[in-house]
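Number of protein chains: 2
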Amino acid sequence: MLLQSRLRASAVHMAQRRAAGGCCCCCSRAPLNEDNARFCLLAGLIFLYLLCGAAIFSALEHPFEIRARILWRQQLENFTRRYRVNLGALHTLLRQYEQANGAGIRVDALRPRWDFSGAFYFVATVVSTIGFGMATPATIAGKIFLIFYGLIGCAATILFFNLFLERIITMLAYIMRWCHERRLRCGGAGVMSSREESSGEEDSLEGWKPSVYYVMLILGLASVVIACSASTLYSSMENWSYVDSLYFCFVAFSTIGFGDLVSSQRERYESQGAYRLGNCLFILMGVCCIYSLFNVISIIIKQTLNWILGKLVCSGKRKLCSCPCLRSKSQSKRAPAAQRRVKRNAVQPVSTQRPVGRRHHTDGSVETVCDSETDAGAGAEVHLGRRLSGEMISVNEFMVSNKVSLALLQKQLSETAHQGPRQSYGHQNGFSGGVGALGIMNNRLQETSVDR
Amino acid sequence: MLLQSRLRASAVHMAQRRAAGGCCCCCSRAPLNEDNARFCLLAGLIFLYLLCGAAIFSALEHPFEIRARILWRQQLENFTRRYRVNLGALHTLLRQYEQANGAGIRVDALRPRWDFSGAFYFVATVVSTIGFGMATPATIAGKIFLIFYGLIGCAATILFFNLFLERIITMLAYIMRWCHERRLRCGGAGVMSSREESSGEEDSLEGWKPSVYYVMLILGLASVVIACSASTLYSSMENWSYVDSLYFCFVAFSTIGFGDLVSSQRERYESQGAYRLGNCLFILMGVCCIYSLFNVISIIIKQTLNWILGKLVCSGKRKLCSCPCLRSKSQSKRAPAAQRRVKRNAVQPVSTQRPVGRRHHTDGSVETVCDSETDAGAGAEVHLGRRLSGEMISVNEFMVSNKVSLALLQKQLSETAHQGPRQSYGHQNGFSGGVGALGIMNNRLQETSVDR
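Protein chains in written order, with my numbering: chain F, 1 to 452; chain A, 1 to 452.
No lab work stands behind these hints, which were simulated from the structure alone. Computed from a predicted structure; not experimentally measured. We put the CB at the ideal spot given by N, CA and C, even for glycine. Treat the hints with care, since some could be wrong.
[To be verified] Beyond 12 Å from chain A on every Cβ pair, some chain F residues (computed):
1. 93
2. 232
3. 236
4. 238
5. 272
6. 273
7. 275
8. 315
9. 317
[Unchecked claim] Here are some chain F residues the structure puts well away from chain A; computed CB gaps all over 12 Å:
10. 213
11. 214
12. 222
13. 239
14. 264
15. 270
16. 274
[As the list claims (entries may be wrong)] Partner residues aside, some chain F positions facing chain A, computed with beta carbon under 8 Å:
17. 113
18. 255
19. 260
Kindly produce the complete structure, drawing on both the sequences and the hints.
This is the structure in structure tokens:
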């Protein structure tokens, strides 16, 4: 009964999505399709974000820059007056010192840059794209070699980060599921019969969702823990303030790597081997963790973009063409298949790029539409009152409520699969999992939300 | 006829994949499943790569470091002898100069660091994670703000890069398809009848594939063109040598950003506004292009990993358990469904992480297996004589040859879709598209290879 009502609810929801998806296109037949619109919106927002950031940093740092400039002028003046040094000669010396700096030489002795351990630290900052710049190749051979070395190294590290992301998301999703099931079992006194199919899932549906926010929270906490531990280590070993250490951790873990603060650069440390190992491990863990965190945050940004796009399109065009997403609740559900197909073809995210003169399969268009519908729902979020949760939560609800028909479909598919075209599933929903790291999250969390 | 033979060939191929996939598990029931093994193999190889890189850079740069050290000592000695300056006082001055350097002060006047345009350049290097470090926040407020600012900014930029990657891959795939079709039409004198279904595709199959290597080639060429154009600009504006300019381009575009060379730092340039704009555009284009290139290369690395894994597993275990991948040609094809199902369950990449006491749907296991089979084929490459092309090429062949049954399947699916559970496709092949950027490539190229 409840399952049936859910099935109906989700069908309504689906129709809304479809209608809303169609809305974007039937309202505005501009050359910008949904994907391009999202891309441009993001580019615009990043540009705005940069402008705001520039203004704030300028306000924060400009006074200090002026003070530092005045201070340096005074110091230089004092020195030349006291030792009667020609200012030109001193400038020459300082230029020479700058060049020496480039080769890694400082007044206070630092560890050698290009012994094996130093070079190892250097290549690690290259392939991770941190690039502190505490050591840089000065020879032409070194510079040319760096280009080819970095090309392979950075690609391999990107693959490493992506595989790490996949592993960590899998692990988190299963841990979250396990915790939730444990909690359910303790609360519900272990119902193991077929009743669980509806009651257990009903509880799950209300109480727990494999939400991207949880994943973000866990990764955020992990990052904070790693950064705080690392900062404790750095502030004691490097004599940095705790804020400086935290700042260094963020700059290193996010692979920005300014190089104003670089760990493990002095000639001698207490228990040097252990510190160097700890430094490497902290940076490795931190980079992996922050990379994953960035990707999770980027999902939320994508959802926000979709929400903004949906709002923009539907509010802007409401008066022009009595937007279907407003009628969807009552009408779209019962819309004839032919009409629906027209709408779905209209959503094709790649349609503008199709060269003229190519045949279009009606079947072929299905999978491209899957994208715009499962893909965080410019449509799903348009529906008023629906919270900004997007993909995973709604997918979860959806999967759970459609368990029965899903099982049928899976059986069908697995039967067809035995005859051969198994990759066709991959084609069938070319984009349903989202893009990049988003694909990983969706797939992992979708999986978690169904095969319970 | 030809189509039928292809169908059979691909069925054999599929069976080989399945069997080889099963091989990995039935031979070695270690806690490491395929995904984990790939991850560990990659980590190991990166570590080796780092060791080699460290050795080479150490050999290249160490002599220069020693010479630079000697040179600086001489320069310092000359200065102190000539002007009779106390060495301690000079060291103090140099330390002060280092601090001033941190605030962006040099002997030769540079552009202000924290006016609006300077701050904009700074935040752009933050969100892109280039992090030259030519300007770094010196105040505590600036450092703390940077952490929060970078967290959102870097995540948004990662999303931007991923969306760009998606756009560029779509574009490339369609351009490649279009070129190929044009070529076919010119050669084949425009056959537009239903015959094209077999003959045209037969030609495509032999002559053209939406290969990852082509994509890499195009992106590589684009990167080279951008880097060379940018280098021409930089070498004329900054008075760098051409090699230095190329080196700077790579370091900037790959977001390593050492900061030893930074463009647009002098106080005055000829046609300054145009140069700054050009600098920004070149860096933006370069970063996007190299990011895409890295991701394409990372696919090839993943294929190589799968190939190595397949080799390792099957050659290592051949004597222990008469590996099924050697029998697959004749046997696996006709293996009973039950036996096959056991194997496929065994390949589940997430099976080791499943908590105990959870129910397993036999259907639910299908989609996880799709991963290990379509996912670049540790199995596909095991088969001797098959070239190291992996995913896309074999997927393409597969899609083309299975066109008929695919169309049927698609119709089935689209019919079911109208009843509701459309996301189930996403679930059905949770991982078939690969991970991260790999997913994008696979999906885009799969799409290109079918809906012709």
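- Broken hints, by number: Of the numbered hints, just 1 does not hold.
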